[in-house]
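J.: One letter stands for each residue in the lines below.
Number of protein chains: 2
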Amino acid sequence: MTISATISQLDTYCREVANRAKVAAREMANLSTSVKNRWLLHAADSLVAQERALLDANELDLSKADEYGLTPAERERLKLTSERIVQIATGLREVAALADPVGEVIEGSRRPNGLEIQKTRVPLGVLFFIYESRPNVTADAAAIAIKSGNAIILRGGKEAIHSSQTITETLRSSARSCELPLDALQMVATTDREAVGHFLKMSDAIDLVIPRGGEALIRRVVAEATMPVLKHYDGNCHVYVDKQADLDMAIRIVENSKCQRMGVCNAMESLLVHRDVAPTFLHRLHDQLAKYNIEYRGDERCSKILADTVPATEADWSREYLGPIMSVKIVDSLDEAIDHIEKYSSRHTESIVTNCIQTADRFVREVDSAAVMINASTRFNDGGQLGMGAEIGISTDKFHARGPCGLRELTTYKFIVRGDGHIRTS
Amino acid sequence: MTISATISQLDTYCREVANRAKVAAREMANLSTSVKNRWLLHAADSLVAQERALLDANELDLSKADEYGLTPAERERLKLTSERIVQIATGLREVAALADPVGEVIEGSRRPNGLEIQKTRVPLGVLFFIYESRPNVTADAAAIAIKSGNAIILRGGKEAIHSSQTITETLRSSARSCELPLDALQMVATTDREAVGHFLKMSDAIDLVIPRGGEALIRRVVAEATMPVLKHYDGNCHVYVDKQADLDMAIRIVENSKCQRMGVCNAMESLLVHRDVAPTFLHRLHDQLAKYNIEYRGDERCSKILADTVPATEADWSREYLGPIMSVKIVDSLDEAIDHIEKYSSRHTESIVTNCIQTADRFVREVDSAAVMINASTRFNDGGQLGMGAEIGISTDKFHARGPCGLRELTTYKFIVRGDGHIRTS
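Order-wise, the sequence lines are chains A and B.
In this text, residue positions in the first sequence follow our numbering: the first is 1, and each later residue adds one.
In this text, residue positions in the second sequence follow our numbering: the first is 1001, and each later residue adds one.
If you're looking for bench data, these hints aren't it; they were derived computationally from the structure.
Here the structure is a predicted model, which means the values were calculated and not measured.
We put the CB at the ideal spot given by N, CA and C, even for glycine.
If you anchor each label on the Cβ, the simulated ranges turn out as follows: (1) A:G214 / B:P1324: 50 to 58 angstroms; (2) A:D332 / B:T1425: 30 to 38 angstroms; (3) A:G384 / B:A1073: 54 to 62 angstroms; (4) A:N113 / B:P1324: 22 to 30 angstroms; (5) B:A1053 / A:T313: 49 to 57 angstroms; (6) B:K1343 / A:R84: 39 to 47 angstroms; (7) B:Q1009 / A:D248: 50 to 58 angstroms; (8) B:S1426 / A:D11: 41 to 49 angstroms; (9) B:D1308 / A:L182: 44 to 52 angstroms; (10) B:S1426 / A:D420: 53 to 61 angstroms; (11) A:S63 / B:D1335: 48 to 56 angstroms; (12) B:S1173 / A:R284: 52 to 60 angstroms.
Rough simulated footprint, nothing fancy, chain B against chain A, three-plus residues with beta-carbon under 8 angstroms: (13) 25-31; (14) 106-116; (15) 364-373; (16) 380-393; (17) 413-422.
Derived DMTMM-like pairs (lysine to aspartate or glutamate); straight-line CA-CA distance at most 20 angstroms: (18) A:K119 / B:D1361; (19) B:K1022 / A:D397; (20) A:K22 / B:E1336; (21) B:K1158 / B:E1215; (22) B:K1022 / A:E336; (23) B:K1022 / A:D339; (24) B:K1022 / A:E366; (25) A:K22 / B:D1335; (26) B:K1243 / A:D420; (27) B:K1022 / A:E342; (28) A:K119 / B:E1366; (29) B:K1119 / A:D382; (30) A:K243 / B:D1420; (31) B:K1119 / A:E366; (32) A:K119 / B:E1107; (33) B:K1022 / A:D335; (34) B:K1119 / A:D397; (35) A:K119 / B:E1391; (36) A:K22 / B:D1339; (37) A:K79 / A:E132.
Work the whole structure out from these sequences, hints included.
T.: Below is the structure:
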C-alpha cells in the first residue's frame, strides 16, 4: 500500500500524522483506566468477529510472499489463522488485566516545611513503532502503548501491510466505539522508507522510537533518530558451564537455551566451558544435541575434544547465528569467562551453571548484561517469563529501561509539588 | 592547562582516559558502601587541610579572569574562600550520609515455577561530565558519581582549571588512601575543545554524558554525542495566577520565584495572569517588586494595566532572561494558560497559584513539565528541596530521569534470575 506523493507531500503527510498523535497524547495522558480497558476488550472481540476480513487481507500479503522473497520461516510467521486471531485477542485481554501504570505515585514525601512531593508516573507521550512482517505485533504494540497512556504511530513492513492495516482499522473502529482518541492509534499509510526518515526528525512531536527488526534497520534508526531509541541490536547470549556445574543440569540448560527456539534474541549463541569439565561435558552435549544437527565453531581445545569442530574465527565470538550453529570456547577460569563475555557479549542475556555460590555471585555482579541467570535457561529473559506481562521489546541499553520493556517502561514521571504559599528562603 | 599534542596524540590520550575509566567502573560496581563513604569523609577532611593549595590555585584562576572576560558575577562564582572550602567539604559529608542506591532490589518475585527474579540497581558505568567555571562543582560531581558506583571523567572549563585540578588531585589522593580505584576519578588534562569531541564518539566506553553550562555547549554535546545525554537546555519557567488565587500568596510566590535568585534555571521567567484578577494583582506586584527594577515585557492587555510595560515580541515568550526581566501575559482561562505553557515552556518547572482544587488538578495533569507546583515557588525544583539530596543536574527530558538527578538517577538495573536447572517449556 503506497500513497503516490512527491517527497514534499510525504513530509506534510508525516507531519500531520505526528501532530495528530501529539494532540491525542495529551488527551490519552488523562484517560481513565476503564476507558482503556473497555477498548482492549472491545478490540479483542472485534478482531475475532472480523476473522474473515483479516484472513482475506492476510491472503493478499501471502500472495506476495514470493515477490518479496520471504523464507519459509518468514512466510510461516506472516500467516494468520483462526487460532492465531484468537491468540491475538487473548493478548489484548491479558493487557487489559494488567495494572495501569499511569498515576502511580512512585515516591511521595512531606518535607519538614510542609511541602508535599509526589513523584507520579505519566505516559511518555507519542511512540513511533517500526516493525517488520508479523501481523500480530500490530495489535500487541497498540495494546501496550495505549494501556500505558501513550499515542502510537505504527509503521509496519510491506510484507504484512494488508494484514496490519486491517488489524489497525479494526482497533480504530473499537476506539471510536469506546471514545478513545482515534489518533492515539495511527498506521502510516505508506511503506515508503523515506517516511521513516521524516518521522525520525520530529523530536518535537515524537518522544520515543522503537524499531523491531534486523540489525540494519535498527542501525539506520539509531543513526537518524533525533529522539531516544528503545532497542537491542542482537542477542549474542552466553552460557558458562563452570567446573562445579551439575552436568546433567548444564546439558538441559544448554539444550533449552540453544534449541527451544533458535531464531530468537534470547537463544544461546556462544558456549563457554571450564577446562576441567570440558571433555566429559562436550561429549555428552554432542550426543544429546545430535538430533538438532548443530555446527560447533570452537577454539583449538574444543577441536581436540569434538572431532567435527569447525575452527572459530575471531568474528564467530560476536556472531548471533539464530540457527543451528554455536561458538564454543574452553576457558581456564571464571575470570576468563567473564572477560570473554565483557569483550564479545551484546549484553542481552548470560547464564552460568554452577553449584558454587561464590562463583555464581561473582558472575552475577561482574557480568554487565540486561539479564544474568544462575542455573536457568537464557530463554527466560522475556517480559512474560519475568512476570512483567506483555513486552514491546527488549533493551540492551542501560539508559531508561533495560531488559524486557512492558507498560511501565513506556512511562516517565513528573514531580507534583503541593504547597500553601511556600517560598524558598535559602 | 594544556598538553601539547597533535590531534592524533590527543585522540590517543582521550582513548586512554576512557579505557582506564572503563576498567575502574567494573571495580566500582562491586565496591562496598563503606569504602565509598570512607573516601567521601577522607576527601572532605583533605580539602579543608589543603586550603592553602586550593586558595593559591584559585588565585591563579582569578588572575586570568580579565583575560577570559568574566563578568563580576562569574568572577564571584569562581572565587574560593575558606568558608566556601568548608561548604564543599560539608557537601561531601552530606553525600556520605545518603543511602547507597547500588544493590537495591527494586522489585523481586518468585515465579510460579520457582524461578527467583530480582531487578537490582547497578551503576551506569562511566560518566563524562562537562562543566564550566564553578570549582565546587568538581567535588560535588565526583562525590555523586562515585557514591552511585560510577567512574567519572571530569572536563572542567579553562576559567577554573587550576582550582578544579587541585581539587581533583586532593580527591584522588584520598582515593589512594582509601583504596578506591584511582581511575574512577579523572580530570581531562587539557581544556582543548577537540578533546570533548573525541570523548563524545566513545559510546563503547562512556555510558552517559552530562553537560552543564550555556545552551550553546549543550546543543553541541547533543549534536555530537553517540551516548545518552542528561541535560536541560534552559528553564523558561511559568507561574500562572488563577482567578481564584489568594493574591497575597501569589505576590509572595512570584517574588520568590523570580527574585530570590535570578540567574538560576528554576527562576520564573514568564508570568501568566487571569484577566479577572490582572489589574489588581499586577499593580500590587509592581509595587512589591519596585526594589528589583524589573522590566515587564507584556502583551497588549498588560500594557493597559502597567504603564511601563515593554511590548513583548513573539521571541519573548520563549526567553530565559536569567535577570531582572519577565514576560507577562493576561489569559482568559486556565485552558489558555495551559496552551501557552504547552507552546512556549522548556518543560522545566511551572507553578499555579489557586484556591480551586479542580483548577489545580487540571493544571497538574495537563502541564507536561518535569515539576508542576501548586501554591509554591518554582524555586523548589531542586534535588535538596525535593528531599533527594545532592543533584548532578536537572533533566527536562522524559527518558530515564526527569527533574533533579541525584544518586539513583545515575544508576540502571539488571535482572538477576536464580533457578535450579529451570528450562522453558513454552
